[in-house]
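Undergrad: Chain by chain, the residues:
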Amino acid sequence: MAESFFLLIATFMPLLLSPVAYFLGRRAGLGAVTWFSFGVLVISTGLLFVPASMLNGGRTVYSESYPWGQFGNFGLRLDGLSLPFAIINYIWFTVLVIYSKPYMYRKIVDEARSRFGEGEGTESTSVGRGTAYAADADRRNNTSGIANESGSLATTTIGVEEQRYVNSQLGLYFALFMVFAMGTLGMVLATNLIEFYVFFELVLVPSFFLIAFFGYGLRQRTGLMFFFWTHAGSVVLLLGLLSIGFFAGGFDFSTIRAHVSQIPAQWMPIIIFAVVLGLGVKLGGFLLHPWVPSSVAGAPTPVSILLVGIATYGILRIWLDLLGGNYVQYSLYINIWGLATMIYGGAMALMQDDIRKVLAYSTISNMGYILFGLGSGSVLGVTGATLLYVTSGLGKAILFMMAGSISLQTGTTSMSKLGGLAGKMPYTAVLAMIGLLTLFGIPPTSGFMSEWILFNGVLQTGVHDANSLRIALFGFGMLTTVLSSAYLLWMYKRIFFGKIPQELVNIRDSGRYITITMAALAGLTLIIGVYPDPFLTPITTYIQGMFHNSPAVLPLPSSGGSGIAVPLAKNIMFKSDNRFSSNAVPNSAAPMARINSGGAFTSH
Amino acid sequence: MVEITGFGGIAVNVWLVWILPFIGAAIIAAVARAGIKIRDYTAVGFALASAVSATTLIPLAFSGNEVHSQVNWIAVLHLKAGVLGDPLSVIMANLVAWISFLIFVYSTGYMHGERDLTRYWFFMLFFIGSMQLVVLSDNLLMLFFGWEGVGLASYALVGFWYTDRKKDFVGTEGHRAGGIAMWASPSHAGAKAFLMTKAGDTMMLAGMFLIFAYSGTFGFKELLQNQGWAVQMAHQNLLVPAAILLFGGAIGKSAQFPLNEWLLEAMTGPASVSALIHAATMVKAGVFLVARIAPLFFALAAFGMTQFFEVVAWVGAFTAFLLASQAIANPEIKKVLAYSTGSQIGYMMMAIGIAGLSTNFVDGYTAGFFQLISHAMFKAALFMGAGALLHVVGSRFMSDMGGMRKYMRKTYIFMFLAAMSLAAAPLITLGFWSKDAIFAAVLGSGYVHSLPLFIMAFVVAIMTAFYTFRMIGMSFFGKKSQHLEELEKAGHHPHEVRPVVWVPFAILAVATIAIGVVGFAFGAQLQHIFSGYLANYFGITQQKQLQLLQNPATTTQLVKPLTETKLFLGLNPYAAAASFGAFAIGGFLGYMFYIARKIDPQIISKNFVTRGIWQFLYNRWYLNSALYWGAVIGPVAIYRIIWRYFELTVMEGISHAFEFSMASFSRVVKAGQTGITQTYLFVFGVGIMIIIMLLLL
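So the sequences go chain by chain: A and B.
Start counting the first sequence at 174; every next residue gets the next number (this note's numbering).
Start counting the second sequence at 11; every next residue gets the next number (this note's numbering).
Do not rely on the hints blindly, as some may be mistaken.
[To be verified] In silico DSSO-like cross-links for lysine-lysine, where the CA-CA straight-line distance does not exceed 30 Å:
#, chain 1, residue 1, chain 2, residue 2
1, B, K176, A, K672
2, A, K672, A, K597
3, B, K416, B, K490
4, B, K177, A, K597
5, B, K489, B, K416
6, A, K597, B, K176
7, A, K597, B, K47
8, B, K489, B, K499
9, B, K490, B, K616
10, A, K590, B, K608
11, B, K499, B, K416
12, B, K231, B, K176
13, A, K672, B, K177
14, B, K416, B, K176
15, B, K420, B, K177
16, A, K590, B, K177
17, B, K416, B, K608
18, B, K420, B, K490
19, B, K489, B, K680
20, B, K177, B, K416
[Stated by the list, open to error] Only part of the chain B face toward chain A is listed, based on derived beta-carbon distances under 8 Å:
#, residue
21, F154
22, A201
23, L205
24, F668
Since the hints were derived computationally from the structure, they do not count as laboratory data.
Predicted model, so just to flag it, every value in this text is computed and none were measured.
All C-beta atoms in this analysis are idealised placements derived from N, C-alpha and C, irrespective of residue type, glycine included.
Can you build the whole structure from these sequences, using the hints too?
TA: Have a look at this one:
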């Protein structure tokens with residue numbers, strides 16, 4: 174029936190092979206399991222690129238569809254909206270697998286030490302212990318032991334018992350990580366509400382275990398807390414999704430899109446509230462965020478990066494895309510909520526001493542930016558928010574990797590114990606600076622590209638509606654970028670500048686696995702920053718099409734003088750631009766019907 | 011007017027001017043492996059190459075031609091990247107390129123033996139590349155790339171000595187004003203510079219977005235061609251706010267009031283960096299931006315842009331006054347120069363502002379740009395000279411110098427020459443002619459409040475001459491300081507610096523005099539170029555202006571110019587008299603106090619009033635204190651309260667309550683799972699009964 178299975182394979186290969194990863198980890202150890210997982214994810218990512226290349230700048234849709242009993246169809250669909258989320262998430266997973274090699278190994282070996290009682294004496298002095306670990310984990314794996322430079326800890330070889338423990342933990346980690354990847358991708362590609370929800374919940378399970386098994390501090394408690402909060406959110410979301418399906422007479426996105434008008438008007442606000450609330454928990458919006466700082470700071474680095482944010486996609490897809498029409502009505506509230514989240518996250522980040530906590534609150538603040546853009550009520554703003562998911566994710570990833578790198582080398586992430594590391598860890602410092610610039614939006618990093626588009630959209634709506642509240646929100650939003658730069662620059666100063674503490678004078682930079690993975694993401698952010706089209710074109714095209722039928726949403730400003738103040742501009746837009754007129758309206762309702770009936774690879 | 015569009019021919023050179031430094035920056039780390047010397051020469055070579063390609067554009071500027079070359083950039087938004095080589099940008103690009111080149115040469119000597127020079131060269135090249143991008147880009151968005159690049163480079167270079175050694179600090183340690191420390195470490199200063207300019211940048215972005223929302227383009231040419239956007243914006247009273255917001259970016263970058271405080275702390279960087287920041291890049295970016303947009307907005311004068319120009323003029327005039335007054339009381343040589351930069355840039359802003367308010371736009375515009383050119387040359391020379399002094403003396407305080415002219419003859423001579431330009435010594439210095447042009451522009455403007463502006467400018471000129479003489483006198487004249495004697499005792503004899511250090515600033519210092527001798531001709535030529543430029547591209551000619559200004563939509567009240575433009579030797583006699591007078595008064599006072607040392611400066615501390623004034627100036631009008639209380643300590647205190655009483659109490663509380671309720675719920679449910687069949691049956695039976703009763707009811 175189906176001619177191609179790119180997305181199916183890309184999604185489920187990591188899941189199916191995760192047991193293999195586990196046993197490989199147990200039997201063959203670190204190197205094998207890392208490269209195996211890396212290989213699987215590289216192939217999956219590669220498989221994503223095949224249909225991605227057929228998307229033709231977001232104007233067509235690629236989908237695979239299979240009958241799924243009473244739920245409708247189980248489909249996987251790549252379009253202009255899911256493309257950036259899918260690609261960037263798999264890139265992160267792939268890169269982070271490599272990063273995990275030294276990072277998780279160190280973490281688990283530490284664990285093993287304390288568990289098997291060898292490291293009791295050293296447990297208390299984390300800084301002193303850290304210096305001892307300054308060597309490359311990789312080299313250490315080969316020699317199974319390390320000549321200690323500061324002489325405070327004479328580590329001998331890892332015992333057989335410990336090695337077994339380490340290997341099984343490693344296997345478990347990589348297996349869970351791959352399930353995590355699969356859940357994320359499935360959620361992004363889903364074409365059915367139930368399918369979406371199943372994947373959404375599937376992400377929770379591995380991430381819970383990853384926190385509870387491999388986290389920091391009171392990790393089981395943190396993990397439970399994470400699970401409670403997000404699960405409570407999920408339940409609310411599920412209620413929303415079920416009522417959508419109930420009223421629309423089916424769970425397939427295409428069915429909903431066709432019958433969205435059947436949802437009673439008095440139910441619509443409730444449904445939207447449930448969906449946004451449910452996803453808002455996962456997004457860490459203001460007042461729904463209490464789980465974020467502890468979970469993000471308590472999770473192992475690769476998981477912290479991926480924990481928050483993917484719900485952005487849910488809001489875009491389920492609310493803006495499927496339930497579309499009434500979006501503008503509520504957009505102002507989202508806008509205000511976003512601003513509150515932005516400022517709150519930034520302000521709280523200033524109060525922190527632990528790098529991970531700073532970054533956790535920074536994550537909240539970034540989600541605020543995204544919500545701010547989603548609430549803009551204009552194509553530009555929503556486009557900017559979507560691109561910001563990609564770019565802030567990149568920036569956040571680099572900075573979390575920096576935190577991991579520092580904690581590996583120094584044994585601490587408390588900034589009051591750090592300082593002057595720029596000279597000792599030059600690569601980390603440079604790459605972290607790129608991450609920093611990405612997060613607060615300085616060109617030529619990608620952060621600027623998304624932020625200017627986003628803020629532009631917010632301002633546009635404000636000006637067009639002559640709404641002084643919106644203009645004021647824009648002003649505060651712009652000022653918040655100063656707050657964002659302030660907490661990040663201050664963090665950077667405290668870590669990398671100033672006098673180096675006496676205990677850290679023998680620190681060395683992280684090994685190549687860490688610096689190269691950071692460099693890969695840093696390179697990506699620079700490329701997108703200068704040439705954003707590969708991401709921006711599909712996003713913009715899709716979102717333009719998404720709001721094609723809702724005139725209340727401001728279109729892109731047309732070039733050539735006819736500004737937004739002329740209401741006609743909206744209509745002129747699509748007519749004058751032959752790219753859209755020839756190929757009909759981009760992929761909103763019409764192509765969906767076709768996908769539903771035929772399944773398989775649809776392109777038009 | 012001939013326009014060359016496309017990539018061919020000379021357009022490549024325009025691209026190269028800004029791309030070459032970036033290429034240099036990209037490869038410098040790799041080159042550094044080949045050796046330190048090769049690395050340094052490569053950096054200088056790239057600066058030279060960029061300067062040479064800028065020079066190839068000069069014929070373009072003189073012939074009034076324009077190169078406009080575009081490539082596709084962000085397709086979905088129909089945005090193009092492009093360069094625009096018109097007379098304004100070509101002159102600016104040459105100025106930036108050649109002064110940067112000299113500073114690069116100076117750096118090879120001055121920074122010799124420092125650690126981490128690869129980083130230094132990277133950011134220096136990045137700096138001039140970004141600045142040239144600001145200068146040459148043809149649209150606001152791309153300009154903003156350069157704009158932020160300049161900010162980033164200055165952040166990195168101001169904080170170059172990131173280990174925060176005490177000797178790299180600025181300010182007197184232990185000195186507090188209003189409870190705020192008035193000294194700063196390099197890393198602190200870098201962050202401060204970044205954040206304050208960022209505050210300006212947010213305004214600039216807001217202005218850009220407003221214009222984009224109406225016009226759908228960022229391009230300067232496009233904005234000029236189709237002015238429909240301006241009509242709409244003016245209709246909604248948004249045009250002036252947008253213009254002022256754009257100017258906000260320039261306020262931040264050029265350290266104008268109220269965002270002026272960062273410039274003073276930015277002295278923590280190496281002297282070569284200060285020279286670059288103050289002469290060619292960074293602070294000049296703001297002036298350039300204003301010079302770039304002012305003709306555009308003036309061409310839109312029919313929509314009543316007067317308020318915009320008024321804001322520019324008054325901000326400029328006030329900053330000039332504010333910072334000149336502070337320079338009088340500062341003990342550090344580099345900081346005196348920094349205050350002076352802010353003050354001189356105030357002059358430039360004032361000149362461009364007055365241009366838009368006057369009947370003859372080109373006069374003020376030329377005067378402002380003339381001032382930019384002369385300031386770039388003498389300020390670069392002064393900073394490089396000051397760097398040589400610091401290097402030899404090992405202290406940033408002028409009180410630690412004294413009598414240095416005996417030891418550093420060449421530095422003394424060339425710094426003196428450049429300083430004369432700053433003080434505007436009549437007739438032979440470049441600074442005199444540019445200042446005179448500004449005075450003449452203000453006097454001849456016909457702006458209703460031009461008299462107060464002129465008086466402010468005059469007072470600033472007096473103060474400028476005074477602090478210049480004070481600086482020269484304190485460092486080069488008088489007795490040896492205690493610090494120097496201690497140095498000599500320790501066996502360090504002050505000596506002249508190496509030629510690679512003094513030759514670059516000697517060239518600039520001599521140039522200020524050489525051009526100064528024929529200064530009026532230079533000014534006239536500049537005026538000629540700009541009147542052609544403004545007429546060709548913006549349609550700004552004298553008649554057109556009068557027409558625009560008499561448009562009922564404008565709010566200007568035209569009055570008779572304060573002086574008739576009856577020229578004497580190409581000079582406005584009143585302006586010339588004012589320039590002479592200011593130099594004479596300020597110079598005489600400075601000479602008596604600090605060079606001849608006839609009057610002891612200590613007398614000011616004997617009098618209650620003068621001591622108070624001195625304290626006020628020395629504490630920077632308490633602006634820095636106000637800034638820290640208002641923008642740092644205040645908000646952080648509020649955040650801390652929120653942190654303590656909301657995040658840690660309420661939010662954590664909710665979280666705990668949530669956790670607790672989950673746990674108790676689980677306990678309740680668990681209690682039900684007794685495993686005793688009787689209990690289950692009992693519950694089951696009760697349930698059935700309830701259901702039946704419900705059904706019966």
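Undergrad: Taking the numbered hints from earlier one at a time, note which ones the structure violates and give those numbers from smallest to largest.
TA: 10, 12, 19
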